[in-house]
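Asker: Residues per chain are reported as follows:
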Amino acid sequence: MDYLLTEEQIMIRDLARQIAVEKIVPVRAELDEQNKFPRDIMKSIAQADLYALFIPEAYGGLGKKSLELCIVVEELSKACLGVATTYASSALGTYPILLYGSEEQKKKFLPDVASGKSLVAFGLTEANAGSDASGIQTTAKLEGNEYVLNGTKQWITNGGEAELYTIIAITDKSKGPRGASAFIVEKGTPGFTFGKKENKMGIRASSTTELIFNNCRIPKENLISKQGMGFIIAMKTLDSSRTGVGAMGVGVAQGAIDESISFAKNRVQFGQPITSFQAIQHMFADMQTQTEAARALVYSVARFIDSGAKDFSRASAMAKLFGTDVSMKVTTDAVQIMGGSGYMKEYPAEKMMRDAKILQIFEGANQIQRNVIALDMVREATRAK
Amino acid sequence: MNIIVLVKQVPDTSEVKINRETNTLIRDGVPSIINPYDRYAIEEALRLREKHGGKVTAVTMGPPQAVEALKEAVSLGVDDVVLLSDRAFAGADTWATSYALSQGIRKIGDFDLVIAGKQAIDGDTAQVGPETADMLGIPFVAYIRKIEQVEGKKMVAERLMDEGYDVVETSLPALITVVKEINEPRVPSLKGKMKAKSLKVAAWSAADIGADENKIGLRGSPTQVVRIFPPSPRGQREILSGSVEEQVAHLAKKLKAQSLI
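These protein sequence lines are chains A and B, in that order.
Going by my numbering, the first sequence opens with residue 1, and the numbers climb by one from there.
Going by my numbering, the second sequence opens with residue 1001, and the numbers climb by one from there.
Some hints here could point you the wrong way.
List time: in silico BS3-like cross-link candidates among lysine-lysine, alpha-carbon distance up to 25 angstroms [said to hold, decoys possible]: (1) 1051/B x 1146/B; (2) 65/A x 1195/B; (3) 43/A x 1180/B; (4) 65/A x 220/A; (5) 108/A x 1191/B; (6) 1051/B x 1253/B; (7) 1153/B x 1055/B; (8) 43/A x 1017/B; (9) 117/A x 1055/B; (10) 1107/B x 1055/B; (11) 117/A x 36/A; (12) 187/A x 200/A; (13) 1191/B x 107/A; (14) 1191/B x 117/A; (15) 1191/B x 65/A; (16) 1051/B x 117/A; (17) 36/A x 200/A; (18) 43/A x 1055/B; (19) 1153/B x 1253/B; (20) 220/A x 175/A; (21) 43/A x 1153/B; (22) 187/A x 106/A; (23) 1197/B x 65/A; (24) 43/A x 1195/B; (25) 117/A x 187/A; (26) 236/A x 65/A; (27) 1191/B x 106/A; (28) 345/A x 265/A; (29) 1017/B x 265/A; (30) 175/A x 108/A; (31) 43/A x 1107/B; (32) 65/A x 36/A; (33) 1051/B x 43/A; (34) 197/A x 36/A; (35) 117/A x 1195/B; (36) 107/A x 65/A; (37) 107/A x 226/A.
These are computed hints drawn from the structure, not numbers from a lab.
With the sequences and hints as input, model every part of the structure.
Answerer: Put into structure tokens, the structure is as follows:
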């Protein structure tokens, strides 16, 4: 398939692919096995200007958009979803500043994101606030020129590794969802510490920790937009980033297809390579068709967003939903095709299958994506009457 | 610190097939790449620049398409490139190549260090580095695996040997060749790739570098290729350890066992 990428987009894809092949594939099993954060790879990604990709030119970036970001995320995900998650989460954490940050905040924080000096994390989830974000208990109270943060964020990707954290906290409990606000917290701020690093089923190269705020004082200039904008900022951030999660699904699915077909070509049973059996052929045909359909959807939605669309919740939810459901199915089938070998850690298929599972869960469980899609459909049908 | 890196465009030998009748390489349709050892040279130059400031210039001699190797160098971050390209350079052996390169380097002028890969993967001679240094009249150190220190006009580095390494001090300017142990080359940057894409390189001709026409190209090449054959493999080796007495006893026993003494 040719997606009519520009020469520049192909250049970006090739560069991400080069990083995947030269820097990620040789170490991915070790990172997974040892739960090890990929610091050297992040350095290569920074050196290659891939953090600059999604930052506007005015702040030291390259001013590229969703499609370019999806292309990079897809290539990294082919090699290792843990690495791709680390990279993509930095973009996720940056969106609140990109979308709603003041000129001063952009000038202060974005150049270091572009250069790769600052990795970023997004802190929304809490023990009692997952799919139901209104359960947030972390508070921020204005005292003089400072906000004082208290509470604990859970399962935060890049926790402990990121320099910058965009945090959603409650500033006015009486206002419900309209009482949340978004803040920028820098690592090293007194009263801001990290809980233990989580031991995960997959994406083990990525760091996931609690963020603990104990009378953590931040300058009031670190409030993003206005008080009460927290939920809107969080929702728009997730709308913008979800397509990228779909791209992760496409990447890991394609990676699993590539691994399993090269294995199957050489796996001889009953005197012939198993690729000569129709049962296997049909599995591959379905896997690639689904993956290609997911890719087409992800790219289309990315292009739709990049065209300047205002409301793309439904579109990005569909890209996330479909891309990630496909990735779970395709990686599971890849393990199936590879049989006993697929189940062993000597081959990357089992890791891909473990990694893929998170995609159906994080950045809005796929059940929530269906809610978003259906709600928008019903709303549209009601308006049409 | 101003650094010149010598690069060579070579066929990607992982893609090369051999003509069994003539025992020569089939180069048709084989993609060209930067000699892999030169990527370590470029990386080391970039790291030295990051530490000490200055400028990195990549130099190559080759046909007009060798500009692709220079573009790759730019995508990795080198500041400037020089392409030595002239029909008169064609057919050069290592001696004539080294002469042309040394003339090009003289024209560039101001430099503190020249870095090259230990050898090119096509010819595998490892001669151009030392010959170029000799023609420039500067010190040469081969097989550098680590640059320990650069201070003023002096450099301390580790030279990889068969067993262990030497610590070598040299005055600057000097020419060094590097081995793959020295670093892990970076991938290109997007900004570098964009810069490389629009890069226009004006080639320097033999006249531009004031080359003596009797010293370049086929005419300037004393080498005659009589026969090409793979080198015979090194035999089994064993390094003895222990006290001198133990080693002697061990050696005597081995030689006796082989009926050599």
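Asker: Evaluate each hint against the coordinates.
Answerer: Going down the list of hints, with the structure as the test:
1. Straight-line distance between C-alpha atoms of residue 1051/B and residue 1146/B comes to about 15 angstroms, which keeps the hinted pair within the 25 angstroms bound.
2. Distance hint between residue 65/A and residue 1195/B is fulfilled; the C-alpha atoms sit about 20 angstroms from each other, no more than 25 angstroms.
3. Note on residue 43/A and residue 1180/B: the hinted pairing holds, with a Cα-Cα distance of about 20 angstroms set against a maximum of 25 angstroms.
4. The suggested pairing of residue 65/A with residue 220/A is violated, with an alpha-carbon distance near 30 angstroms, which exceeds 25 angstroms.
5. Distance check on the hinted pair: residue 108/A and residue 1191/B sit about 22 angstroms apart at the alpha-carbon level, within 25 angstroms; holds.
6. Distance check on the hinted pair: residue 1051/B and residue 1253/B sit about 54 angstroms apart at the alpha-carbon level, beyond 25 angstroms; violated.
7. Pair hint residue 1153/B plus residue 1055/B holds up; C-alpha atoms about 16 angstroms apart against a cutoff of 25 angstroms.
8. Note on residue 43/A and residue 1017/B: the hinted pairing is violated, with a Cα-Cα distance of about 37 angstroms set against a maximum of 25 angstroms.
9. Proposed proximity of residue 117/A and residue 1055/B is supported: the alpha carbons are some 23 angstroms apart, at most 25 angstroms.
10. Restraint check for residue 1107/B and residue 1055/B: the C-alpha separation of about 16 angstroms stays at or below 25 angstroms, so the hint holds.
11. Taken as a hint, the residue 117/A and residue 36/A pair is honoured in the structure, with Cα atoms around 19 angstroms apart against an allowance of 25 angstroms.
12. Proximity of residue 187/A to residue 200/A is assessed by CA-CA distance (about 23 angstroms); at most 25 angstroms being required, the pair is judged to hold.
13. Restraint check for residue 1191/B and residue 107/A: the C-alpha separation of about 21 angstroms stays at or below 25 angstroms, so the hint holds.
14. Annotation: proposed proximity of residue 1191/B to residue 117/A holds, straight-line Cα distance about 17 angstroms (limit 25 angstroms).
15. Taken as a hint, the residue 1191/B and residue 65/A pair is honoured in the structure, with Cα atoms around 16 angstroms apart against an allowance of 25 angstroms.
16. Only pairs whose Cα atoms come within 25 angstroms are accepted, and residue 1051/B paired with residue 117/A is accepted, the gap being roughly 17 angstroms.
17. The straight-line distance between the Cα atoms of residue 36/A and residue 200/A is roughly 12 angstroms, inside the 25 angstroms bound, and the hint therefore holds.
18. For a cut-off of 25 angstroms, the pair hint linking residue 43/A to residue 1055/B stands: about 22 angstroms separates their Cα positions.
19. Annotation: proposed proximity of residue 1153/B to residue 1253/B is violated, straight-line Cα distance about 52 angstroms (limit 25 angstroms).
20. A threshold of 25 angstroms between alpha carbons decides the hint, and for residue 220/A with residue 175/A the separation of about 20 angstroms falls inside it, so the pair holds.
21. Only pairs whose Cα atoms come within 25 angstroms are accepted, and residue 43/A paired with residue 1153/B is rejected, the gap being roughly 32 angstroms.
22. This hinted pair checks out: residue 187/A and residue 106/A have alpha carbons roughly 17 angstroms apart, not beyond 25 angstroms.
23. A hinted pair counts as satisfied when its Cα atoms are at most 25 angstroms apart, and residue 1197/B with residue 65/A qualifies at roughly 21 angstroms.
24. Among the hinted pairs, residue 43/A with residue 1195/B is consistent with the structure: their alpha-carbon atoms are about 21 angstroms apart, no more than 25 angstroms.
25. A C-alpha spacing of about 13 angstroms is found between residue 117/A and residue 187/A, which places the hinted pair at or below 25 angstroms, so the restraint holds.
26. Between residue 236/A and residue 65/A, the direct Cα distance comes to roughly 15 angstroms. Compliance with the 25 angstroms bound is thereby established for this hinted pair.
27. With a CA separation close to 21 angstroms, the supplied pair residue 1191/B and residue 106/A stays within the 25 angstroms bound.
28. The suggested pairing of residue 345/A with residue 265/A holds, with an alpha-carbon distance near 20 angstroms, which does not exceed 25 angstroms.
29. A distance of roughly 24 angstroms separates the Cα atoms of residue 1017/B and residue 265/A; the hinted pair therefore holds under the 25 angstroms criterion.
30. For the suggested pair residue 175/A and residue 108/A, the alpha carbons sit about 31 angstroms apart, so the restraint of at most 25 angstroms is broken.
31. Under the criterion of a C-alpha separation no larger than 25 angstroms, the hint pairing residue 43/A with residue 1107/B is inconsistent with the structure, at around 36 angstroms.
32. Annotation: proposed proximity of residue 65/A to residue 36/A is violated, straight-line Cα distance about 30 angstroms (limit 25 angstroms).
33. Between residue 1051/B and residue 43/A, the direct Cα distance comes to roughly 17 angstroms. Compliance with the 25 angstroms bound is thereby established for this hinted pair.
34. A hinted pair counts as satisfied when its Cα atoms are at most 25 angstroms apart, and residue 197/A with residue 36/A qualifies at roughly 11 angstroms.
35. Distance check on the hinted pair: residue 117/A and residue 1195/B sit about 23 angstroms apart at the alpha-carbon level, within 25 angstroms; holds.
36. Between residue 107/A and residue 65/A the alpha-carbon distance is near 19 angstroms, which keeps this suggested pair within the 25 angstroms criterion.
37. Using a Cα cut-off of 25 angstroms, the hinted pair residue 107/A and residue 226/A holds, with the two alpha carbons roughly 18 angstroms apart.
The structure shown violates the earlier hints numbered 4, 6, 8, 19, 21, 30, 31 and 32.
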